[in-house]
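Visitor: Line by line, the protein sequences give chains A, B and C. Taking the numbering used here, the leading residue of the first sequence gets 52, the next gets one more, and so forth. Taking the numbering used here, the leading residue of the second sequence gets 52, the next gets one more, and so forth. Taking the numbering used here, the leading residue of the third sequence gets 52, the next gets one more, and so forth.
Rather than coming from a laboratory, the hints here were simulated on the basis of the structure. It is possible that some hints are incorrect.
Same chains, same label: a pair holds when it works inside one copy or across any pair of copies.
Unchecked claim - Lysine-lysine pairs mimicking BS3-like chemistry, simulated, CA-CA at most 30 Å apart: (1) Lys222 x Lys127; (2) Lys222 x Lys131; (3) Lys191 x Lys127; (4) Lys236 x Lys222; (5) Lys131 x Lys191; (6) Lys236 x Lys199; (7) Lys131 x Lys183; (8) Lys256 x Lys127.
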Amino acid sequence: MNYIAEIRQQNPLIHNITNMVVANYSANGLLALGASPIMSSAPEEMEHLAQLCQALVINIGTLNVAQVEAMLIAGKAANKNGIPVVLDPVGVGATPFRRQTVQRLLDNIQFSAIRGNAGEIATLANVDWQAKGVDAGEGKADWHTVAKTVANANGCVVSISGEVDYVSDGKQVVTIHNGTPIFPKITGSGCLLSAVCGAFLAVEKTSQNLTALVRACTAYAVAGERVMQGISSTQTGQFAIQLLDQLAILDDETVEQYGRVNYV
Amino acid sequence: MNYIAEIRQQNPLIHNITNMVVANYSANGLLALGASPIMSSAPEEMEHLAQLCQALVINIGTLNVAQVEAMLIAGKAANKNGIPVVLDPVGVGATPFRRQTVQRLLDNIQFSAIRGNAGEIATLANVDWQAKGVDAGEGKADWHTVAKTVANANGCVVSISGEVDYVSDGKQVVTIHNGTPIFPKITGSGCLLSAVCGAFLAVEKTSQNLTALVRACTAYAVAGERVMQGISSTQTGQFAIQLLDQLAILDDETVEQYGRVNYV
Amino acid sequence: MNYIAEIRQQNPLIHNITNMVVANYSANGLLALGASPIMSSAPEEMEHLAQLCQALVINIGTLNVAQVEAMLIAGKAANKNGIPVVLDPVGVGATPFRRQTVQRLLDNIQFSAIRGNAGEIATLANVDWQAKGVDAGEGKADWHTVAKTVANANGCVVSISGEVDYVSDGKQVVTIHNGTPIFPKITGSGCLLSAVCGAFLAVEKTSQNLTALVRACTAYAVAGERVMQGISSTQTGQFAIQLLDQLAILDDETVEQYGRVNYV
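Make a model of the complete structure from these sequences and hints.
Guide: In structure tokens, the structure reads:
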């Protein structure tokens with residue numbers, strides 16, 4: 052399927068319950084890609100938005116108790132309405148509050164996909180790893196196993212973002228080799244990718260969630276690579292802006308041509 | 052009146068009760084134009100800010116119950132202090148919570164102006180229209196009548212933003228033909244225009260609110276047109292940045308020269 | 052000490068309790084410099100973050116009652132854990148709510164540094180000054196005395212940002228003469244500087260807080276000067292982006308070479 056073409060044609064409405072750091076960037080990124088963002092954490096409208104939207108993206112970056120309640124209502128309503136739900140467990144290893152919240156979300160909502168950095172997904176897999184706040188951190192892990200484990204435990208697709216991306220549905224593990232080291236220097240670059248995953252899932256009508264996630268992560272990585280062709284590795288401000296421009300012109304053929312994807 | 056020159060000279064303080072998606076962009080846009088922004092939703096300081104500021108802009112983009120209470124306090128205080136109040140009914144048609152909130156605001160606050168996209172103003176006019184979340188949506192409507200109806204129902208100026216802008220005080224309808232299709236691709240571009248309307252109203256001392264709104268919307272549209280002369284229609288990231296640069300150099304003469312305004 | 056090199060090597064985690072207007076820009080600025088940001092205002096995780104982070108930055112820009120409670124918990128925990136705490140009293144003179152909140156913070160937390168614009172620090176010194184919302188405002192004041200007074204009253208370093216920066220520990224007053232007039236036109240440029248001060252303090256292990264603040268403010272001002280060499284004084288959008296790029300390449304030698312610092 053030509054996901055990007057479908058997104059531009061269907062213009063799916065993506066409901067984001069997200070953090071105040073990245074709300075603007077995520078909205079602009081979705082618009083650039085061709086989707087429509089709506090950002091809301093008001094419990095009063097969570098059920099109505101689930102009837103209106105084609106995907107829900109839950110991001111715990113600046114969570115608070117009231118917002119978590121909204122996440123639970125929205126997630127259950129999305130499940131009831133059969134729309135895909137993406138979880139971005141931002142900084143889940145940083146504090147017990149984040150770990151407990153993510154557990155509660157996983158216990159109550161059936162996610163279609165979980166996308167995070169190495170530190171976040173390692174936390175979900177109970178792997179020993181030195182995560183650092185909301186950053187990926189460092190350590191050694193067998194990412195094939197980690198991705199599979201978390202996917203199987205939660206019955207959904209899992210994507211680990213980094214120099215190499217790992218995407219698994221619990222059976223297969225796909226690796227994407229288009230990493231751009233500048234991504235972690237842009238706040239919200241991971242959060243925007245989670246929103247982009249939501250848009251790809253929104254137009255995936257045959258439950259090929261693994262394929263949708265692989266395409267989403269490949270498209271995003273290819274967009275980053277193409278931006279880096281024109282700027283230096285320290286231009287983080289420029290990168291953030293030009294990534295939006297790049298998402299607006301990216302097409303499925305380009306992703307197909309430049310993506311370096313290994314199906315293991 | 053030379054509104055932009057007056058704004059640069061008076062540097063009016065604009066109180067924005069706004070959403071987390073656009074707060075940064077609205078603040079930077081007001082600063083570029085020559086006004087001073089203050090963003091606050093704390094009920095404790097709403098009355099004090101009404102004594103300090105020259106205009107209030109209420110935006111329901113990421114509303115919650117606590118913020119709505121602040122809006123009501125601030126709006127009433129602004130009315131008592133005689134400063135103009137602008138309403139941006141972001142995505143009002145999307146959910147009952149938004150519709151009820153806007154009704155409550157309209158019942159309790161006398162607005163000087165309401166600015167929204169086609170979908171939002173159509174909702175206020177009870178016109179059949181397919182709005183899409185916070186986006187304009189599509190359909191057919193007689194915008195002259197819609198603008199007049201909403202203006203008369205609320206005793207204020209109404210501005211509908213789009214390819215053609217419609218501005219009405221309930222008697223006259225003015226159209227502005229400087230539309231730039233990239234605007235809806237930038238999150239908060241409408242929200243910033245509402246804030247700009249607040250700045251124009253802040254320096255309008257003779258209650259010529261229709262004129263102030265027409266000039267504000269024309270200035271903003273002309274700024275957009277001028278940015279588009281230097282970039283391509285897909286450069287949404289660049290557009291957002293250069294629109295700020297353009298607002299910082301725009302002057303009344305340029306708006307006068309390039310504005311295509313029809314008084315019907 | 053080579054502060055910037057140390058920040059890039061240690062990559063300190065900086066906890067920001069900040070406002071929704073500047074959260075994104077502060078996070079991107081800290082990342083560009085080489086530090087790691089985490090933004091959180093959830094009372095449930097304030098104590099855990101104090102054990103994880105190397106500095107805390109408290110910013111009252113869009114304060115609310117719940118966030119103030121989080122600030123108090125976080126500040127006390129930071130004091131207990133011996134990590135530096137920076138206060139940015141955004142718009143403190145604007146309303147009684149802000150003044151009372153800052154007083155409460157100062158009564159309960161031992162700050163390492165307070166950084167603000169002229170209007171904000173004048174308010175803390177009870178000096179007659181026409182501040183304007185969250186902007187610096189105008190008037191006449193003896194900034195040497197103001198800086199010393201506020202530093203002595205609170206037992207910490209104080210930095211007043213403006214055309215000339217004043218930094219004092221209550222005994223000495225240091226002035227920095229690298230001011231760039233465009234800074235106040237960028238929302239959150241002061242807030243980012245406060246976060247940068249947090250990063251410099253995080254790597255200062257011998258309690259030379261005056262030196263750390265002087266270096267932080269000089270580095271930031273030099274970065275601004277260097278950006279201005281390539282753009283015009285009205286390009287506020289470009290300035291904001293290029294300041295990030297500049298922070299990413301700035302080094303201690305450049306700051307040493309171009310800083311114009313007077314130790315009085």
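Visitor: Under the constraints set out in the numbered hints, which ones does this structure not fulfil?
Guide: As far as the earlier hints go, 3, 4, 5 are violated by this structure, in ascending order.
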